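Peer 1: Sequence:
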Amino acid sequence: MTRNETRPEARRRVTAEAALRDASPAPAKAPRKLPLKVVHVEERVFQQRGVELAIFSDSQRHIDSLAAILKANSKAELEPLTVWWSGERWIVVDGHHRLKSYQ
1 MTRNETRPEA RRRVTAEAAL RDASPAPAKA PRKLPLKVVH VEERVFQQRG
51 VELAIFSDSQ RHIDSLAAIL KANSKAELEP LTVWWSGERW IVVDGHHRLK
101 SYQ
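Position 75 of the sequence shown, counted from 1, bears residue number 75 in the working numbering, the numbering being contiguous throughout.
Just so you know, these hints were derived from the structure itself, not from any lab. Predicted model, so just to flag it, every value in this text is computed and none were measured. Cβ coordinates follow ideal geometry from the N, Cα and C atoms, glycine included. Among these hints, one or two may not hold up.
Quick list of in silico lysine-lysine cross-link-like pairs, BS3-like style, CA-CA up to 25 Å [what the hints assert, rightly or not]:
id: 1; residue 1: K33; residue 2: K75
id: 2; residue 1: K71; residue 2: K100
id: 3; residue 1: K33; residue 2: K100
id: 4; residue 1: K33; residue 2: K71
id: 5; residue 1: K100; residue 2: K75
id: 6; residue 1: K71; residue 2: K37
id: 7; residue 1: K100; residue 2: K37
id: 8; residue 1: K71; residue 2: K29
Computed Cβ-Cβ distance ranges for the label pairs, DEER-style [said to hold, decoys possible]:
id: 9; residue 1: Q103; residue 2: K75; range: 37 to 47 Å
id: 10; residue 1: K37; residue 2: S59; range: 34 to 44 Å
id: 11; residue 1: S74; residue 2: E9; range: 40 to 50 Å
id: 12; residue 1: L36; residue 2: R7; range: 23 to 33 Å
id: 13; residue 1: E5; residue 2: V38; range: 34 to 44 Å
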């Protein structure tokens, strides 16, 4: 993602990335779990919420509360993230707050 990239530009970039490669791994090859370091974020494409200050504040509280659950119980797991294989990398479609909580 470039710093000043618009939402439509980001969508075109990710769409082009998927068109260049096989964007659908065979079900038998799709992993059930991924290390967090291989999961990428494309907020301009897959995060539909705005980034206004009030929303950011609520988001941060939500992230902090999820992180507190994880810290309180080392075996705790949150609902799985939904990711998409772009043909090049795994991108979060749903679960941005959970990803930040794990990080």
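Peer 1: Hint by hint, say whether it matches the structure.
Peer 2: Going through the hints against the structure:
1. K33 to K75: 15 Å, holds
2. K71 to K100: The hint holds at about 13 Å.
3. K33 to K100: OK: K33 and K100 at ~17 Å, within 25 Å.
4. K33 to K71: Distance ~20 Å between K33 and K71 Cα, so the pair holds.
5. K100 to K75: 17 Å, holds
6. K71 to K37: Roughly 19 Å between the alpha carbons, so the hint for K71 and K37 holds.
7. K100 to K37: At roughly 12 Å apart (the allowed maximum being 25 Å), K37 and K100 satisfy the hint.
8. K71 to K29: Violated, because 32 Å separates the two Cα atoms, which is more than 25 Å.
9. Q103 to K75: 37 to 47 Å: Given about 18 Å between the Cβ atoms, the range is violated.
10. K37 to S59: 34 to 44 Å: 22 Å, violated
11. S74 to E9: 40 to 50 Å: Between S74 and E9, where Cβ atoms are some 41 Å apart, the hint holds.
12. L36 to R7: 23 to 33 Å: 25 Å, holds
13. E5 to V38: 34 to 44 Å: 22 Å, violated
Against the hints set out earlier in the document, violations occur for numbers 8, 9, 10 and 13.
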